[in-house]
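> Note that the protein sequences, when read in sequence, are chains A and B. Residue numbering for the first sequence follows my numbering, starting at 1 and increasing by one per position. Residue numbering for the second sequence follows my numbering, starting at 1 and increasing by one per position.
A couple of the hints might just be wrong.
[Unchecked claim] Here are the simulated SDA-like pairs of lysine to any residue, each with C-alpha atoms no more than 20 Å apart in a straight line:
{"no.": "1", "chain 1": "A", "residue 1": "K308", "chain 2": "B", "residue 2": "I191"}
{"no.": "2", "chain 1": "A", "residue 1": "K121", "chain 2": "A", "residue 2": "L132"}
{"no.": "3", "chain 1": "B", "residue 1": "K278", "chain 2": "A", "residue 2": "R93"}
{"no.": "4", "chain 1": "A", "residue 1": "K380", "chain 2": "B", "residue 2": "G198"}
{"no.": "5", "chain 1": "A", "residue 1": "K19", "chain 2": "A", "residue 2": "I241"}
{"no.": "6", "chain 1": "A", "residue 1": "K162", "chain 2": "A", "residue 2": "E122"}
{"no.": "7", "chain 1": "A", "residue 1": "K324", "chain 2": "B", "residue 2": "V124"}
{"no.": "8", "chain 1": "A", "residue 1": "K324", "chain 2": "B", "residue 2": "I191"}
{"no.": "9", "chain 1": "A", "residue 1": "K367", "chain 2": "B", "residue 2": "I191"}
{"no.": "10", "chain 1": "A", "residue 1": "K124", "chain 2": "A", "residue 2": "A80"}
{"no.": "11", "chain 1": "A", "residue 1": "K367", "chain 2": "B", "residue 2": "V124"}
{"no.": "12", "chain 1": "A", "residue 1": "K367", "chain 2": "B", "residue 2": "G127"}
{"no.": "13", "chain 1": "A", "residue 1": "K301", "chain 2": "B", "residue 2": "I197"}
{"no.": "14", "chain 1": "A", "residue 1": "K367", "chain 2": "B", "residue 2": "D41"}
{"no.": "15", "chain 1": "A", "residue 1": "K366", "chain 2": "B", "residue 2": "G127"}
{"no.": "16", "chain 1": "A", "residue 1": "K344", "chain 2": "B", "residue 2": "Y194"}
{"no.": "17", "chain 1": "B", "residue 1": "K278", "chain 2": "A", "residue 2": "K162"}
[Claimed, not checked] Okay, the calculated beta carbon distance ranges per label pair:
{"no.": "18", "chain 1": "B", "residue 1": "L167", "chain 2": "A", "residue 2": "F15", "range": "31 to 39 Å"}
{"no.": "19", "chain 1": "B", "residue 1": "F114", "chain 2": "A", "residue 2": "F256", "range": "37 to 45 Å"}
{"no.": "20", "chain 1": "B", "residue 1": "Y190", "chain 2": "A", "residue 2": "F15", "range": "49 to 57 Å"}
{"no.": "21", "chain 1": "A", "residue 1": "V145", "chain 2": "B", "residue 2": "S275", "range": "41 to 49 Å"}
{"no.": "22", "chain 1": "B", "residue 1": "D209", "chain 2": "A", "residue 2": "E131", "range": "49 to 57 Å"}
{"no.": "23", "chain 1": "B", "residue 1": "V187", "chain 2": "A", "residue 2": "E76", "range": "33 to 41 Å"}
{"no.": "24", "chain 1": "B", "residue 1": "T126", "chain 2": "A", "residue 2": "F95", "range": "56 to 64 Å"}
{"no.": "25", "chain 1": "B", "residue 1": "I244", "chain 2": "A", "residue 2": "V54", "range": "55 to 63 Å"}
{"no.": "26", "chain 1": "B", "residue 1": "V182", "chain 2": "A", "residue 2": "N58", "range": "44 to 52 Å"}
{"no.": "27", "chain 1": "A", "residue 1": "S375", "chain 2": "B", "residue 2": "L167", "range": "37 to 45 Å"}
{"no.": "28", "chain 1": "A", "residue 1": "N56", "chain 2": "B", "residue 2": "V187", "range": "31 to 39 Å"}
{"no.": "29", "chain 1": "A", "residue 1": "S375", "chain 2": "B", "residue 2": "V320", "range": "47 to 55 Å"}
{"no.": "30", "chain 1": "B", "residue 1": "D209", "chain 2": "A", "residue 2": "N275", "range": "22 to 30 Å"}
[Unchecked claim] Which residues of chain B face chain A? A partial, calculated answer using Cβ under 7 Å:
{"no.": "31", "residue": "S39"}
{"no.": "32", "residue": "G42"}
{"no.": "33", "residue": "K172"}
{"no.": "34", "residue": "L213"}
{"no.": "35", "residue": "S217"}
Keep in mind the hints are simulated off the structure, nothing from the lab. Each residue gets a CB set at the ideal place from its N, CA and C atoms; glycine is no exception.
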Amino acid sequence: MSDYILELNNITKNFPGVKALDNANFRLKKKSIHALLGENGAGKSTLIKIITGVYNQNEGKLFLNNQEKSFSSPNEAMNAGISVVHQERNLIRRFSVGENLMLTNLPKNNLGLIDYNTVAKESKKWLDIMELDIDPNTIVSDLTVAKMQLCEIAKALSLESKILLLDEPTSSLSPQDTKNLFALLKRLVAEQDVSIVFVSHKLEEVFEICDEVTVLRDGKNACESEQITNLDRQKLVKLMIGRDEQIIKSKKNIDFTEENLLDLQSINTDLGHKNINLNLKKGEILGLYGLVGAGRTELIKCVLGLDKINSGQILLNNKEIKIKSPKDALEKYKIGYISEDRKKEGLILMHDVLSNAGITVWSNLKKILSFLNDSIVYNKVDPYVKQLEVKTPSYQQIVSNLSGGNQQKISVAKWLASGTDILFIDEPTVGIDIKTKSYLHELIIELSLKGTSIILITSDMPEMISLADRIITMKDFKVVGETINNHNYEEMSSSIMGNIHE
Amino acid sequence: MGGIKPPFFMNNKIPNFVKTNQFGLLILVIVFICIFSFSTDGFTSRFNIYALSRVVALDIMIGLAMMVVILTGGLNLSLGALGVSAAMFGGWCMESMGIPISITIILVLAFGSFLGWINGFVTVRTGVHSFIVTLATMSIYFGFMTLLTEAEAFRKLPEAFTDFGSLKLFNKYISPLLIISVLTCFVLYYIFKYTDIGRKLIAAGANPDAAELSGISVDRMFIYCHMLSGFLAALAGIMLTARIGAAIPSMAGHLGFDWLLPAFLAPVLGGTLLSGGKVTVFGTMLGAILVTLINNGLYLIDVGEFWVRFFLGIILLGAVLLDRAREYFTVKNSIVS
C-alpha cells in the first residue's frame, strides 16, 4: 500500500504530429499540495486533461486510491472525486451562488420544483466550511473575481471532491485575495482530507504553499515529486526551461525634467476616475500599479475613446487632442494598446497568423482602390514575427491552435508592425511561460530604448520593478502615489504597498 | 530563418481544396445532377437548364445578400421586403417617371443600399440584434411599399429591360442573369480577399472587440455590411423584375418571405459561420445551386409542392447542424496545446 491518492505511471499521449506526453509520471500524496510546473506546451494541460477524463492516454496507467482507473468522460472523473478549477470561470453568472453550487444535484420539493430553502441551506454548509461570508442568494455576477474563484472551489467541495486541480488560480487575484486563498487551501488539506494539484507560473506561490513539485519539460519529467525544501527558485527555473534564468533590469536614465510627450490633466471619466493627472516622457516606461479593480485598464480605455471622459484634457506634445476611437488613436496619434485579454480583445482567434499580425497595418498598406493582398501584408509583418520568434507552422495557421506564449507574441507583433510612438501594454505576461516572459521583458526595454514611450500595466510586482522607470500607483480609480523606480525590490514594493494601504 | 514557412502563395503550394467545404458541396451538386438526369425526363433539356439558370441566378444573389450580414454575426430578415421595395421603386422610376433604364438601375441600387443603411444604423446605434431590427424593418418596408403602390404592379416596363430578362445565351441554354450573379461572386471574392476594406469587414465580424482595439471602426464596418446586403437585395429585385417582365408587390411572397429560405440555405450550406467572421462566396454560390437543383429535381420527379418545402426545411436543419459541427471542430482544434 502506498500513500498516494493518485498515481500516473509512464503516461504517453500522442497527438497528430506531436508527442504531448512521453513516459511522464505524476504521483500525488494524500493531503498534500503538489505543484505541477512546466513551460507552455510542456504537457501540463494534457496531463490534467488525462486526469480529468477529457483525453485518454495512449500508454501508461492511472491509479486512484491504488485502483486502476480509466475515465471516459469528465463526468466520470468528477464522480470519482476529481474536480478542476479552471482559469476560466465555470460558474453561470446569472444564477445565484447557491444554484451554482447545487447545480448538478438541485433539491426538489414534493411538486418537483426546486426547493430554494434547501438550496440555500445546503450551499451555506459548504460556504461555511470555507469560512466564506457570502449569502447563497447572491447572484454570481455581483461577486468579485476573488469570491467567484472561491465559490468554484466550494462547488468542487460540494461534489465531495478529494482531489482538486487548480489551474492558475491566482492569475486574476490581488495579493490579499491570494493570501486568503492560500490560507484556505492549507486549511482544506488539513481539515477536509483534500489533496491539491497546483498549476501556476508564479514560482513565489509554489514555494509558499506547495509540499512537492513535479516539473514537465517537452512532455517528459524534468523532476518528479521532488520535496520543495530541496529546491530553490534558480533550480526550479532551470528544471523548467533547461537553462538558467536571465534577470533583466532596465538601466536607463530618463530625464524627468524633460517635456511631457503625453499628459493627462485632471481627467474625470464616466467610469468614475477622479482627477487623474499623469504624464509620460519620451522613451519612458511608466508603470501603472494597482490591485485588480483599481481602474487602470479602464483609464486606458477612456483615453482611447472607448468610454467617455467628462472633464480634463489630454495633451500630446503640449497640444490638446481628442481621441474618439482606437482607430483615431492609431491613425492620427500613433498610439496603440496591447490588451490584457488576448483571447477576447487582442486576437481574432479564428483567423490565421497573417491577418492577426497585419490587422493594424492594413490601412497603411492599402493600394489604389483599397487593394491589398497577402504578400504585401506578409512583407510588412514578417520581420516582426521573425524578430519575436513566433513558433507557428505557417502564416495560415489559425491562431487559436497556437500556445499562449505565441499568441501573446502575435498580439505584440501587430503593434510593433504598426510603428506606434506610444504603446499602452496591459498585463503582457499573464499566463505566459518564463522563457517567453523574459523575452517579452527584453523586448519592452528595447522598444523604450529605441524611443517608444510605454505605459505598462501589470499586477506582477517583480515585473513592474524590473521594467518601469517610474511607477504610478492607482487605487479606487484615483492616483495615490508616484515613485521613481530604483529597481530595488524591497524598497519599491514596500513603498508601493504603502501607497495602496494608506 | 525562424522556422516559419512563408505563406502558401510564396512556395507554390496549392491550398488543400479537397478538404474544404466547397469541395463536398461540389460533389453533392454533381451527385444530384446525375440522379436527376437519370431519374427524370427533361432535366437536361434546353428549356429546363435555361429555367434553372434563371432561378439559380436569383438564389445566388439572395444568398450573397444574406451572407454579408451573417458575416457580422447578424441576420437580415428584411431581405425580401427590401428587394421588392427597391424593385417597385425601379418600376415606378421607369414606368411613371420615364427615367432611362441605366439611371434607374443606379437609383434602385442606391435606394437598396439606403434601406440597408437604415438596418445597419439602427442595429449599431441601438445595440439590438439585427434579427429584431430587420424583423421590424421588413414589416415597415413592405408595408410602406404596399401603401405607396396601392399594391398595384408596374407592368408596362421598357421592352429593352424585359427583353434582357428573357434573353438566352450560349446556344439558348443560359440566362444573362446568371452571368450577373457569377460576376457578382467574383467581385465579392475580390473584395473580401484582396482589399483592405474586405479584410476589415471580416475581422470586425469575427471579433468586434479585438477589431475595435486594433483600430478598426467596427460600427462603420457593420453598417457597410448591411448596405452591401441592401445593394445585393436590390440587385436581386431588379433581376427578378427583368425575369418576370413586371414589378409586382407580391413577387417575393408576402413580406418577401419566399426569399428567406434560399437566403439562409445558400450561405449556411456554403460554409459561412452563423456566428460571423467567416465568408465563403463560392460556397454560397454552390449552396444556391444545390438548393435550386433539389427544388427543380423534386418538382420534375413530381413529389408535390409540400414535399419540396419539407425537404428544403430538412436541408436547412441539416445545414445548421453542419454549422454547429464546424464550430465544434474549431473549438476542438484549439484544445490541443
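> Would you mind marking each hint as holding or not holding in the structure?
Hint check results:
1. A:K308 with B:I191: Violated: A:K308 and B:I191 sit about 34 Å apart, past 20 Å.
2. A:K121 with A:L132: Holds: A:K121 and A:L132 sit about 14 Å apart, inside 20 Å.
3. B:K278 with A:R93: violated (29 Å)
4. A:K380 with B:G198: Within the cut-off at roughly 19 Å; holds.
5. A:K19 with A:I241: The given pair, whose Cα atoms are some 18 Å apart, holds under the 20 Å limit.
6. A:K162 with A:E122: holds (19 Å)
7. A:K324 with B:V124: holds (17 Å)
8. A:K324 with B:I191: violated (28 Å)
9. A:K367 with B:I191: This hinted pair holds, its Cα atoms lying about 13 Å apart.
10. A:K124 with A:A80: Distance ~24 Å between A:K124 and A:A80 Cα, so the pair is violated.
11. A:K367 with B:V124: At roughly 29 Å apart (the allowed maximum being 20 Å), B:V124 and A:K367 break the hint.
12. A:K367 with B:G127: violated (33 Å)
13. A:K301 with B:I197: Violated: A:K301 and B:I197 sit about 25 Å apart, past 20 Å.
14. A:K367 with B:D41: violated (53 Å)
15. A:K366 with B:G127: violated (30 Å)
16. A:K344 with B:Y194: violated (26 Å)
17. B:K278 with A:K162: Violated, at about 44 Å.
18. B:L167 with A:F15: 31 to 39 Å: violated (57 Å)
19. B:F114 with A:F256: 37 to 45 Å: Hint violated: Cβ distance 56 Å, outside 37 to 45 Å.
20. B:Y190 with A:F15: 49 to 57 Å: violated (38 Å)
21. A:V145 with B:S275: 41 to 49 Å: violated (27 Å)
22. B:D209 with A:E131: 49 to 57 Å: violated (37 Å)
23. B:V187 with A:E76: 33 to 41 Å: violated (54 Å)
24. B:T126 with A:F95: 56 to 64 Å: Given range 56 to 64 Å: violated, Cβ gap about 28 Å.
25. B:I244 with A:V54: 55 to 63 Å: holds (57 Å)
26. B:V182 with A:N58: 44 to 52 Å: holds (49 Å)
27. A:S375 with B:L167: 37 to 45 Å: holds (40 Å)
28. A:N56 with B:V187: 31 to 39 Å: 49 Å Cβ-Cβ, so the 31 to 39 Å window is violated.
29. A:S375 with B:V320: 47 to 55 Å: 37 Å Cβ-Cβ, so the 47 to 55 Å window is violated.
30. B:D209 with A:N275: 22 to 30 Å: For B:D209 and A:N275 the Cβ distance comes to about 29 Å; the hint holds.
31. S39: This interface hint is violated because 41 Å lies over the 7 Å limit.
32. G42: violated (45 Å)
33. K172: Since the shortest Cβ distance to chain A is 37 Å, the answer is violated.
34. L213: holds (5 Å)
35. S217: Hint holds; B:S217 Cβ to chain A Cβ min 5 Å, cut 7 Å.
Comparing the model with each numbered hint stated earlier shows that hints 1, 3, 8, 10, 11, 12, 13, 14, 15, 16, 17, 18, 19, 20, 21, 22, 23, 24, 28, 29, 31, 32, 33 do not hold.
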